[in-house]
Amino acid sequence: MTRKPHKTRDTKVTSEFEHGWNDMLKGIKKLKKILDGLPEPQFSPEDHINLYTTVYNLCTQKAPNDNSEQFYKKYKEEIETYVSRTLLPLIRGKYDEFMLIELVKRWKNHKVMVRWMSRFFQYLDRFYIARRALPPLYEVGMTCFREQLYQKLHNTVNDILVSLVAQDRDGEQIDRTLLKNVMDILVEIGMGITDYVNEFETYMLKDTATYYSRKASDWILKYSCPDYMLKAEECLKRERERVCHYLPGISEPKLVETVETELLVVHANQLLEKEQSGCLALLRDEKVDDLSRICSLYHKIPQGLELVSSIFKQHVTDEGLALVNQAVEIANNQVGKECGAHEQVLVRKIIELHDKHMVYLCNCFMNLSPFRKSFKEAFEIICNKNVADRSSAELLATFCDNILKKGGSEKLSDEAIEDTLEKVVKLLAYVDGKDLFAEFYRKKLAHRLLCDKSASDEHERSMLTKMKQLCGGQFTSKMEGMVTDLMLAREDSAQFKRYLSILPIGIDFTVNVLNTGYWPTYRTSDLNLPAEMVRCVEAFEEYYQDKSRKRRLNWIYSLGNCNIIGNFDPKPIELVMSTYQGAVLLLFNNSDKLSYSDIKSQSNLGDDDLVRVLFTLSCTKYQILIKEPSTKMIYPTDSFEFNPKFTDRMRRIVIRLPAHQERKRVVEDVDKDRRYIIDASIVRIMKSRKILSHQQLNAQIVEQLRQLFKPDFKLIKKRIEDLINREYLERDRENPNMFRYLA
Amino acid sequence: MGPHRKNGPPNPMSIKANDVDLFHSASNKALMQLLGQIDEMFDNYANEETNVIEAAGIEELCSDLKMRADDVRMLMLAWKMKGKRQGLITQDEWRRGMKALEVTSLEKLVKALPGLEREVRRPLIFKDFYAFAFQYNLTEELQKTLDIYSVCLLLKIVLRSQFRPQVDSFIHFLQIQKEYMVLTLDQWMEFYRFCNEISFPELDKYDEKLAWPLLIDSFVEWLRQNNN
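These protein sequence lines map, in sequence, to chains A and B.
FYI, in this note's numbering the residues of the first sequence are 1 to 743.
FYI, in this note's numbering the residues of the second sequence are 744 to 971.
Be careful, since some hints might not be right.
Unchecked claim - In silico lysine-lysine, DSSO-like type, Cα no more than 30 Å apart, as pairs:
#, chain 1, residue 1, chain 2, residue 2
1, A, 550, A, 478
2, B, 921, A, 672
3, A, 94, A, 206
4, A, 687, A, 468
5, B, 952, A, 376
6, A, 105, A, 76
7, A, 687, B, 887
8, B, 952, A, 687
9, B, 921, A, 664
As the list claims (entries may be wrong) - Some chain A residues well away from chain B (every beta-carbon gap over 12 Å; in silico):
#, residue
10, 118
11, 130
12, 169
13, 451
14, 498
15, 593
16, 706
Bear in mind the hints are in silico, worked out from the structure with no lab data behind them.
All values reported here derive from a predicted model rather than from experimental measurement.
C-beta atoms are modelled at their ideal positions from N, C-alpha and C, and glycine is treated no differently.
Using the sequences provided together with the hints, build the complete structure.
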């Protein structure tokens, strides 16, 4: 008898395993029955322990009798078989929704199966898998389901899912819970998000895109822009709900993006530029809600607001230019007239336009940056348009003048004035030539101050403060000086009056002393003052010398006014007129009749001024002098005679001497100043930077002068060339596009 | 009127081409003699009283050299001499020029002219010469600008052979435009850069946002308008 201990032992061991496995199989069968819903008693705790122990015993034996590996394999096989032989056919047998229902049911079954099986074989999980770095039992179970079942079905499942979603979109009733359950399966099977993303999400997004693309093509033709937007808003809302109900949260951004792309981006131009109902029309018809909707829907899309904001800019610019053109037409039809009411109206209307669209900007367009930019650019265009030969700077200055002067064309309350001034300054911010505005404003301010036409000191100062805030102190320093001068003059006048009262002059008069630096330069002439006035002047000179010996007074008679009593036969009338006119008139106290050349030599006025003066005294409705011959123009051959028969209804009449046409001079002066300012700026910049390219230098200059004016590119070039010629700068030898400062 | 020699070195007429480094290798005594020859040449043309070659002398020199007065080589000669004022050649300038050219006689001068031209036409040197041409023609002490008429003449002499279409166009433009009465040195130099850098008449790389002078911007604008 040969000894065969091995075999005996092996057989013994093997049969131990088989014996053990049979026990397991019994347990597994029992489990399957339970899962199938067949009448079968539940597992008792004892059953459980027995099964667990079977595995335990067979796995704790020493090698090579350790059966862990076999058990692991068997476990896996069992589950695989179950899944592919049992579950798969069951699910495959169904279609559409029913397949999904079956899938969900069987998945639940599978999970139970895996859970119980894991418990039976739990010992493996404790030691074996860690030792061999193998996936744990639960994971094996999931992988089986995925590989043996889901991979084989997934296309079909995806199709069903997608078509259900499409039905949901079309408003049909679907079982949302079912969908959610299936989604959950996808996530669980994937053991993370990646599988889900790879498989279903991509598929779904593609279908979504197709779906909405079709809808968009249809709707774009059927619906007006606002209606389309309503539909789009609705769709997005529903899609978000869909995510809440059954789609996984991570899909939301991509889903929304897909829908937005198909509905809003693809047809953006066609949609927003619709003739009757697009953005432009909505702006015109003031459809605030629709515009808000458009803004909020397009807001999240990158560059989505570009088109809308450019339409906004177009609209504002068009409206503004239309207003300007209106004014231009009126101006062209009224040649020769001074600044008319229509220009006042224009500024008012632009202010209104600004206010109105500011509301749009803040309410509809949430003050977003693309719209702020459009708004600004639109007004930069509008506020730099000229009306006939008047620049926007002049128009604004004239507008201010009308508001600030006594008897201005507008009767406004204090609040309304403040408010209007505030708004004018807002418009000023858009004007390129702020320095030009300052010059016009200064001239008009001087006129108001000197002729005592300013309605309110407070408003004047308030306006200066507002301008200072916008453009800096240097902008308003001269003007503030002017206002102060007048204030001081008024304070001083009381003192001068007292001084005058002891002198036997017999004429009441006041003098405004102005600081040359602050005020515009005025033409004056060497007028021969009438004796009476000479006494006044001398008195003041003495008075003033006492006060401040170092200062020299320069008399500007062209700005003076006088009141003269004309002793006409019918009745005496007080004549309010300029000093020039008064000086000429008083000559007739000594002679009844004078020729043009007589008057000229006696008064010492230039032809320019004299012609204007004589015109107002003899050729207008107030014929204080009779001209011979009585033509309507003044000739050097004319002669003049006092008209004692002159009379008028009123006891006091004002005979204005119209001022010279100063516009050209203002523009020329400002142009000249600009040249110096640019020169100074260039030198300043180059001195500190030493070497700069042409483009950099330009950029710096524009930045430095931003508060004053927008320097013309060509002017800058010219100044650079001049400075090169004057050897402040030179071109760099290596790179002629760069400039060097020459110390 | 030949040069008066004490110890007759070889007749200048028979000196060959291989004595080109005459000045460098000559001994002091020989050097003095060569300088003497240069001075004698000078005396041929100079005004006796002022000791300066003036208009008449220059005319004579030109005709001796068989050149017109507005020949570019006269200008090149002036450049070589580092002349200060157009129409005058001082003794220093003459000496400087002849020494630099290594010339002691009229014949040698004639022979040296082609070499001089080649030298000046080299790109780096030509730029310097071009600048010189402008400044040489300024008449007053503190003058910095040249009138349009002179500019046109000068361009013809100096630049036309090299850049004929540009120069012709530019001269035409200068004559019909009304904004500029004079040109500065910078504008003059920039025109040269323009000819060198910008293809003509395509003008494709020209960018008026760069540092080109306004004059050139206007020129290009005019060209573009007229070519449409």
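A quick look at each hint next to the structure:
1. Distance hint between residue 550 of chain A and residue 478 of chain A is fulfilled; the C-alpha atoms sit about 22 Å from each other, no more than 30 Å.
2. Our distance criterion of 30 Å between C-alpha atoms is met by residue 921 of chain B and residue 672 of chain A, whose separation comes to about 21 Å.
3. A distance of roughly 26 Å separates the Cα atoms of residue 94 of chain A and residue 206 of chain A; the hinted pair therefore holds under the 30 Å criterion.
4. Taking the CA atoms of residue 687 of chain A and residue 468 of chain A, the gap is about 28 Å. The hint holds against a cut of 30 Å.
5. Note on residue 952 of chain B and residue 376 of chain A: the hinted pairing holds, with a Cα-Cα distance of about 25 Å set against a maximum of 30 Å.
6. As the CA atoms of residue 105 of chain A and residue 76 of chain A are separated by approximately 21 Å, the hinted pair is consistent with the 30 Å bound.
7. The hinted pair formed by residue 687 of chain A and residue 887 of chain B meets the criterion: a straight-line CA distance of about 23 Å does not exceed 30 Å.
8. A threshold of 30 Å between alpha carbons decides the hint, and for residue 952 of chain B with residue 687 of chain A the separation of about 23 Å falls inside it, so the pair holds.
9. The straight-line distance between the Cα atoms of residue 921 of chain B and residue 664 of chain A is roughly 23 Å, inside the 30 Å bound, and the hint therefore holds.
10. Annotated as non-interface, residue 118 of chain A keeps its C-beta farther than 12 Å from every C-beta of chain B; the closest such distance is 76 Å.
11. With 12 Å as the threshold on Cβ separation, the claim that residue 130 of chain A sits away from chain B holds: the shortest Cβ distance comes to roughly 73 Å.
12. The claim that residue 169 of chain A lies off the interface holds: its Cβ sits roughly 54 Å from the closest Cβ of chain B, which is beyond the 12 Å cut-off.
13. For residue 451 of chain A, the shortest C-beta to C-beta distance to chain B comes to about 42 Å, beyond the 12 Å cut-off, and the non-interface label holds.
14. The claim that residue 498 of chain A lies off the interface holds: its Cβ sits roughly 60 Å from the closest Cβ of chain B, which is beyond the 12 Å cut-off.
15. For residue 593 of chain A, the non-interface assignment is confirmed: its Cβ lies about 52 Å from the closest Cβ of chain B, beyond the 12 Å cut-off.
16. Every C-beta of chain B lies more than 12 Å from that of residue 706 of chain A, the closest at about 19 Å, which supports listing it as non-interface.
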